[in-house]
Amino acid sequence: MALYINGIGCISPQRTFDNSEFLAEVKEYATNRLTCVDADYTKFFDAGSIRRMGRLMKYGTAAGMIALRDAGLDVPGAISTGTALGLPEVSQKFLKSLIEVDETIVSPTTFIQSTHNTVSSNIALLCKCFSHNNTFSHKGFSFESALTDAQLLVLENMDNILVGAYDEVSDYKYAAMKKTKELRGEPCNNLDVYREKGNGIIAGEGAAFFVLAKEKTENTYGIFVGNKTFYKPESTEEIRNHILSFLKENNSSLKDIDVVITGISGAKETDATRIDLNKNLFAAQTIVAYKHLCGEYMTSSAFAFWLASKMMKSQQIPDAVILENRNRSPKNILLYNSHKHNHSLMLFKAC
Amino acid sequence: MKVFIAGKGVISAIGNNVAENFATLRNLQTGVSQITVLPTRYAETLPAAEVKLSNEELAQRCGLNSSEPRTAFLSSIAAKEAIADANIPDFKKWRTGFISANTVGAMDKTETIYKYYLEDDNTDKLIEEDPYDAGYVTELVANQLGIKDHITTISTACSSSTNAMAYGARLIKANQLDIVVAGGCDAMSKFTLNGFNSLMILDTNPCTPYDENRKGLNLGEGAGYVVLVSEKVAATLAKKPTTTLSGYANANDAFHQTASSPEGKGNFMAMQGALEMSGLSTKDIDYINLHGTGTSNNDLSEGIAIQRIFGDVPRASSTKPYTGHTLGACAGIEAVYSILSIENGIIFPNLRFQTRMKELEFSPVTELLENVEVNHVMSNSFGFGGNCSSVIFSKAN
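Chains as they are written, first to last, in my numbering: chain A, 1 to 351; chain B, 1001 to 1397.
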């Protein structure tokens, strides 16, 4: 179901929290682990709360509040979020303390913040939103499920749904990724992750929230036309078929698409399919990449959703995201992202 | 459009399948006892409701590798039972989803490995699966079930599996899927045991929900799933579905991260929403399967909200004195019990109840009631983060 994007909020390893800017300056990192550029949290929380909240709790909640304020809403109609890993850093603090003291005395502060729904419910608490509140926690389908939930809610007569996703790189996850050789070797440069000879991803994180609604407003960014997920495709051919049938289901076709946002990440093996599609299926489209800006993480498609929103409203494609320029203006945008077995398609249309 | 329940499956401290759970419920036997499986220093001091099988035994039963998380074994056993029970001809031809819930993913694995990680962050023991990767468990089981059209995981603390069932029903109503296996699972872990202990809400004796002298909850573990089907699928079944999922609602208390508001605002809204959707009046509800954890705060807020909404409160009981609080699994397990109640005209008692709470005008059912007419059951689940969900099961005509 097509919905208007009426408010956005994004906190990422780039300066994205200020909606009046659009990647004016791109941050370059000489590491394989990108962390969020913090917003001024005193605009959202009192000093005591800031002290108590973990890092993700702060940037996740703030991103939601930015989207609400951007849409001019005090209270959304409902809240639906996705997070692949919940709040690992604060949870691991609790785990560490209980192991270190061999289960004797532990403080509940970190345990309280450890459930996956902490950010979603914290936003509800702050804006006194008593209605539907959901948190999906399924790898590369987490944000996608929240989007489906939002679409169903509108079908069920709700409106102004705050939908978003948040994740962070924990020390444990970072160590595990190093071990499995998923990460790009250091030294490396995030802006060169697709071009360098090296292999591997740059770990990333972030939070992005959106207000999706039935009606257009003065602040509308564009239309979120629809999304589709598919699991464990067996071939590039199957992926192609999913893409083409998804476009057809949304009364569109490849020739209508101006811009493709690709999930290319720097990992050679998975990028091979993406590069094949970019070359052969999306030969006429401007190809835009984003994981050099925010890094790879399981809900990175929410950053891509933010990018699509900004491109639609500004009708500009920043040089920093262009992989292949075919001089198309960002009217109809297709996102194809994947994380391991989780594949995701989203379609956007400028107003 | 109706959503039917074509099958059910469960594993808990009181049985490894539906028949065993039903027998133990009727025999009024509790699953709460001394901890024998989870390696913890609280084994003798904090009672819990464990599934009395080792990881190796569970793995063997479900065909997963014994190095996988215990949560996945529980999930696999209950989900497979539900699908077998539904016995849907040409299962593969329909658009099928697996919507599972859990709260701590692979935590039982990680808390063992984490010790080595703290000693050496380059240890070979590190696993790629993050402890909080709730979806990892779901995918392991989805792969076994051969379901791939729609897979997702919900993690809204103790209300998780109600929200999984509701999301599944909504996907069927929106004609995106025909069949959804929905419910949840959670295994015991030191993480949750110590967490609830740090909040000082664990009873050092078997729990007594809704009792004036209640001291807290006992943790439990298990999994419970239902097979939700569309009217079209229901029409093809040899065994006619006994029950429909007639109402559900998700509300937020927006009061405190871990405590319920004194008046139970979120609880009230969830129950009211579920009633509205079902088109039923409060008089139609024959039985409420309470969230009834046994904590001072939950039982009071839930009880007050029930009184406010029902006035004349129907028969109600918490089955957590049997199973402990199984967190992300509880609503899946209690869904199975609610359906058993409808199918058999039976109401399971609130074990160990003695004294009515002074703030309430009703007491839970304390004896097994058989041969009673049970047409509509409401089941509640409320969790951290103010997440409040209620669901209603109705006898299929």
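Keep in mind that a hint or two might mislead.
[To be verified] Covered stretches of chain B, going by a simulated chain A footprint (3 or more residues, C-beta under 8 angstroms): (1) 1038-1044; (2) 1050-1064; (3) 1138-1148; (4) 1152-1166; (5) 1251-1258; (6) 1308-1320.
[What the hints assert, rightly or not] In the DSS-like style, the derived pairs of lysine-lysine whose C-alpha atoms are separated by at most 30 angstroms in a straight line are: (7) K255(A) <-> K216(A); (8) K232(A) <-> K1093(B); (9) K1173(B) <-> K96(A); (10) K214(A) <-> K255(A); (11) K232(A) <-> K1125(B); (12) K27(A) <-> K232(A); (13) K1093(B) <-> K181(A); (14) K228(A) <-> K1093(B); (15) K228(A) <-> K1173(B).
No wet-lab data here; the hints were simulated from the structure.
Please read these numbers as outputs of a predicted model, since none were measured by experiment.
Just so you know, even glycine gets a beta-carbon here, dropped at the ideal spot from N, CA and C.
A quick look at each hint next to the structure:
1. 1038-1044: Since 3 is at least three, the answer is holds.
2. 1050-1064: Contact hint for the segment 1050-1064 of chain B vs chain A: violated, 0 residues under 8 angstroms.
3. 1138-1148: Result for this restraint: holds, n = 4.
4. 1152-1166: holds (count 7)
5. 1251-1258: Our answer is that it holds, as 8 residues pass the Cβ test (under 8 angstroms) against chain A, meeting three.
6. 1308-1320: Per the Cβ count (0), the hint is violated.
7. K255(A) <-> K216(A): Judged against 30 angstroms, a Cα distance of about 26 angstroms means the pair holds.
8. K232(A) <-> K1093(B): holds (18 angstroms)
9. K1173(B) <-> K96(A): violated (44 angstroms)
10. K214(A) <-> K255(A): holds (27 angstroms)
11. K232(A) <-> K1125(B): Holds, at roughly 27 angstroms.
12. K27(A) <-> K232(A): violated (34 angstroms)
13. K1093(B) <-> K181(A): Not satisfied, since the Cα-Cα distance of roughly 40 angstroms exceeds 30 angstroms.
14. K228(A) <-> K1093(B): Given that 30 angstroms is the threshold and the Cα spacing comes to 20 angstroms, the pair holds.
15. K228(A) <-> K1173(B): holds (18 angstroms)
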